[in-house]
Amino acid sequence: MQITSPAFKANARGALADPHLQEALGHVRSGFIDKRQKAVDALPEFDALRDSARAIKDHTLAHLDLYLEAYEEKVKAAGGRVHWAETAADARSLILDICRAAGARTVTKGKSMITEEIGLNEFLEKEGIRPVETDLGEYIIQLRGEHPSHIIAPAVHLTKNQVEADFRRAHHHLPPTRDLSEPASLLSEAREVLRAEYFAADVGITGANFLVAETGSSVIVTNEGNGDLTQILPRVHIVVASIEKIVPTLADTSQILRVLARSATGQDMSVYTTVSTGPRRAEDPDGPEEYHVVLLDNGRSSMLGTEFQDMLRCIRCGACMNHCPVYHAVGGHAYGWVYPGPMGAVLTPSLIGVDKSGHLPNASTFCGRCEAVCPMHIPLPKMMRHWREREFARGLNPAAQRYGLKAWAFFARRPRLYHLAASFAIPALSAFGGAQRRFRYLPFAGGWTKHRDLPAPESRTFLQQWRDREAGKQEART
Amino acid sequence: MSAREAILNKVRSSLGTAPGDAARAEVVAKRLADAPAGVVPARGQLADKERVALFCEMAEKVSATIDRVKKRADVPKAVSAYLRSKNLPASVRMGADERLREMPWSGVKSLEVKSGPAGPEDEVGVSHALAGVAESGTIALHSGVDNPTTVNFLPEHHIVVVEAKDIAGDLETVFSSLRQKFGKGKMPRTLNLITGPSRSADIQQTLLLGAHGPRALHLVIVDGG
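One line per chain: the protein sequences are S and R, in this order.
According to the working numbering, the first sequence is numbered sequentially starting from 84.
According to the working numbering, the second sequence is numbered sequentially starting from 31.
The shape of chain S in the complex, shown without the other chains:
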């Protein structure tokens, strides 16, 4: 997909002025947060499970090469095949080869962010293969030619009226007088239309929430059941997953499952947790005849051993964006690539470069809610700071910002000079503040005063006032 992250500021302005988007985002603010809190409060062991989940991923990442090898061996033993892909382009062509060998014309897809990352749909279409998204939200945005705006609720940026208009446009074989005013009727219509697609598909493609080294299994977690119909009805099942999805054992999977659904949607368990191992057995009456796993690196191996390694613990629950004031304000599309919100602000620079996505780690108030709710204890604000430092070190910020920061740093490293300068500047600003005690405009601070007033400071600096206060206390005691 086209990267618009460099235009984050313009994207955000557009998002703030979009009334449909702002109406839809209201549902994010009210929906996810309370549900998660209720589910977390109901499980006394939740925090212990978070610690356990973090330890599992840390252990796995530290031994990732060995777990990948063990996993591959088990997949083969169960009759499946593992295809290794270094880049997105490699993964696309491996998938195309499997589809071509299967004579595929239609491919159904379960919800998968990794196939968004590699731009699979556009690629398959260009090659004459029709991809059909089957998750309700993914189906809706595919009809609109859009990309997900949220990693677990891809159509969260839309209102039901917009969906109704899309269905009337796309399903023109159905009577135009039908009632589609409620979400329930929209869901029924999508269910009916997609049922036929499952049976028509030659290949089903899913992602994976986990790859289990102990058994060579892939695990998907869904609520709709579309991922299951996608993988049991076509003749060929392809799993596309990145290398950090590995966990050692099924017992480890249980640990992480307990924090995943609670953090994502506030459920104790998602409706369908499906563990798939190899193709159907000789005696099985249903299931795919071929089972392929495309294992993608796409930059992750370079994150290991760096200050961004912790990001590879991410289980894509979406809690960070559900709790992010910036995401609440601008939605997911403003971030300009596949992964939005705080996790995207850290992961996107790793995957497409900080030169293209430097705005994302800056689009944060550092309120810290993302880290507080992250089930894997990923220090997201700290890693955004690392990206800001790298951006500065590589000279990617605008000149005015760089010189401003350098000037500030010059004073900040010289406390005496800093206090001296402040003791002149603060009373001067205070004097110019006028009766309103605020500035409508201030030279060199246009970026701030363009959107809001700057309060005028008190007549003396904080440290001067503090000293007087402490001296006053001292006097009172003696």
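For the record, the hints were derived by calculation from the structure and aren't laboratory data.
There could be a bad hint or two in this list.
[Stated by the list, open to error] To give an idea of the chain S side of the interface with chain R (calculated C-beta under 8 angstroms), a few residues: (1) G114; (2) G220; (3) P266; (4) E297; (5) I315; (6) P331; (7) L333; (8) Q338; (9) V358; (10) T360; (11) R364; (12) D367; (13) L387; (14) F391; (15) H469; (16) P510.
Just so you know, even glycine gets a beta-carbon here, dropped at the ideal spot from N, CA and C.
Let chain S serve as the given structure and place chain R on it in line with the hints.
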């Protein structure tokens, strides 16, 4: 160099390790062999009766419906009563599971029992669960001729027979019973852990049942043998 070697080499060089490090290999082999349990919630650790009660409570919380019968032979009547209450045709699809097959289906008048995997025309599927999980109201089913996976997903109504003695406190117990059944490190093609009927909240965060899988999940719990 193959893509496989290239990726593994990059991983090793980022981690600052070399292939053939025996100590690391041993750590991994041990973890895979032992599969240590982590934190298991106290919630499901209950005596038999309370565990089954918790299972029912959790399953109902996620919109499954529940019927409890005394013995296996009572199941066909319970299924028939469910079909009538929902105005469904007297026809069910099921696999070759002996526990289901041995039930007196012929005792229920004019009920059609179709065997084999499900197709698009089937409205009601009947399965026998491998196990239940009390902590979350989840049922476990695995693929095979006994309980084909399509029966779990294609019909609009999924009726699942769960024996009270198979209801475990936690997920870990179910994984170890699978290990006993299939062998360590081996799995059936598909293991389905199902917690309530299919649902979606993709349109305006409005939760709706019956997205792509069954609109209704009905659990028949057999308390005795």
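Verification of the hints:
The criterion of a C-beta within 8 angstroms of any C-beta in chain R is met by G114 of chain S, whose closest approach is roughly 4 angstroms, and the hint holds. At about 4 angstroms, the closest approach between the beta carbon of G220 of chain S and any beta carbon in chain R falls short of 8 angstroms, and the interface hint on this residue holds. For P266 of chain S, the shortest C-beta to C-beta distance to chain R is roughly 4 angstroms, which falls under 8 angstroms, so the interface hint holds. The beta carbon of E297 of chain S comes within 5 angstroms of a beta carbon in chain R, closer than 8 angstroms, and the hint placing it at the interface holds.
Annotation: I315 of chain S was flagged as interfacial toward chain R, and the flag holds, the nearest CB pair being 5 angstroms apart, inside 8 angstroms. Contact between P331 of chain S and chain R, as hinted, is supported at the beta carbon level, the nearest pair being about 5 angstroms apart and thus within 8 angstroms. For L333 of chain S, the suggested interface contact is upheld, since its CB lies about 4 angstroms from the closest CB of chain R, less than 8 angstroms. Restraint check, Q338 of chain S versus chain R: the minimum CB separation of about 4 angstroms is within 8 angstroms; hint holds.
This hint holds: V358 of chain S has a C-beta 4 angstroms from the nearest C-beta of chain R, less than the 8 angstroms allowed. Below 8 angstroms, beta-carbon pairs count as interface contacts, and T360 of chain S has one with chain R at about 4 angstroms; its hint therefore holds. Given hint, R364 of chain S at the interface with chain R, holds; its Cβ is 6 angstroms from that chain's nearest Cβ, closer than 8 angstroms. Given the 8 angstroms rule on beta carbons, the hint for D367 of chain S holds: about 6 angstroms separates it from the nearest Cβ of chain R.
Annotation: L387 of chain S was flagged as interfacial toward chain R, and the flag holds, the nearest CB pair being 4 angstroms apart, inside 8 angstroms. For the restraint placing F391 of chain S at the interface with chain R, the shortest Cβ-Cβ distance is roughly 11 angstroms, beyond the 8 angstroms limit, so the hint is violated. Evaluation of the H469 of chain S hint against chain R yields a violated restraint, the C-beta minimum of about 16 angstroms exceeding 8 angstroms. The beta carbon of P510 of chain S comes no nearer than 52 angstroms to any beta carbon in chain R, farther than 8 angstroms, and the hint placing it at the interface is violated.
In the structure shown, a violation is registered for the earlier hints numbered 14, 15 and 16, in ascending order.
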